[in-house]
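> Add 7 to the 1-based position in the sequence shown for this note's numbering, that's all there is to it.
Just so you know, these hints were derived from the structure itself, not from any lab. Every value quoted in this text rests on a predicted model; they were computed, and no experiment measured them. One thing to keep in mind: the hints can contain errors.
[To be verified] What follows is a list of derived Cβ distance ranges for each label pair: (1) R206 x S141: 40 to 50 Å; (2) A278 x L91: 19 to 29 Å; (3) I38 x V73: 19 to 29 Å.
We treat Cβ as the ideally placed atom computed from N, Cα and C, and that holds for glycine.
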Amino acid sequence: MTSTATSLLATTSPLQRRRPRGRGYKAFRAIMLVLVALAFLAPIVWMVLASFKTNVDIYNSEAAFVFTPTTVNYETVFGQADYLQFIWNSLFVAAAATALSLLLAVPAAYSMSRFVMKKSAVLVLLARVIPGVSLLVPWYFVFANLRVVGTYTPLVLSHMFVSLPLILYIMMSFFDSLPEELEEQAQVDGLTPIGAFLRITLPLSIPGVATASILSFIFSWNNFMFALVLSGASTKTLPVAIFDFVGYASIDWGGLMAAAVVVTIPIMVIALFTQKYIVSGLTAGATKG
8 MTSTATSLLA
18 TTSPLQRRRP
28 RGRGYKAFRA
38 IMLVLVALAF
48 LAPIVWMVLA
58 SFKTNVDIYN
68 SEAAFVFTPT
78 TVNYETVFGQ
88 ADYLQFIWNS
98 LFVAAAATAL
108 SLLLAVPAAY
118 SMSRFVMKKS
128 AVLVLLARVI
138 PGVSLLVPWY
148 FVFANLRVVG
158 TYTPLVLSHM
168 FVSLPLILYI
178 MMSFFDSLPE
188 ELEEQAQVDG
198 LTPIGAFLRI
208 TLPLSIPGVA
218 TASILSFIFS
228 WNNFMFALVL
238 SGASTKTLPV
248 AIFDFVGYAS
258 IDWGGLMAAA
268 VVVTIPIMVI
278 ALFTQKYIVS
288 GLTAGATKG
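Based on the provided sequences and hints, a complete structural model is requested.
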């Protein structure tokens, strides 16, 4: 009997041996999913609704969902506050920082992956750990002496401090997952090592490049700390420009919420339509093939 039971257990798959989950577990999971969704969506819904309210309605709890919508807050944002310029500033800084970081980080990540530069990888990890606020004072001192504070240059360079290590870290994992035999075969066919990288490895790493680019762009778009210190009146990005609605004695909550919607919606749309590329890029570098 013992040997028979043992043989039956050995031939039974783990899925077959797993106990069926009851209704209680399914109900608990559904409740937890709803709670998590509410925790994430409730602030966004409140922000969007408040952007169509007057300050009086925002403070009125009875007008939480039933109110007369108004577009005056968005007229203030796009008319009086000149937010189109701030949108352009955010787009330019994020795109420039991402492009320059890709130009430097992708070849560096390939070199570290193929030539096993462990010490360099540790330095990259340290660069990700160091808080950016600890470098703001030295950066401001250097950029002030160079007389570039208030221009795009310090914004792009400061954003690269985080974007470059992020891209480097992602691409190192991705290059580790690509087999070296493809490059060796390409070199046997007559390509140089650089040619094998450009024609074979780089096209295969496009999912990883897309993942790193999207995450870098999102970081730069949302960054507040660097732009607050290093930007000027004409180079302010959207996160900094939001504080124009915060005064000494009062806060324009309607305008503030409308500006927050302008900052949040583009990133939510990008994340929604590119989530499969982000997931595929991250999981592609998670296993060594």
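> Decide, hint by hint, whether the structure agrees.
To see whether the hints hold, each was checked on the structure:
Against the hinted window of 40 to 50 Å, the Cβ-Cβ separation of R206 and S141 comes to about 42 Å, which satisfies the hint. Checked against the hint of 19 to 29 Å, the pair A278 and L91 passes, with Cβ atoms roughly 23 Å apart. About 28 Å separates the C-beta atoms of I38 and V73, a value consistent with the hinted range of 19 to 29 Å.
The structure shown violates none of the earlier numbered hints.
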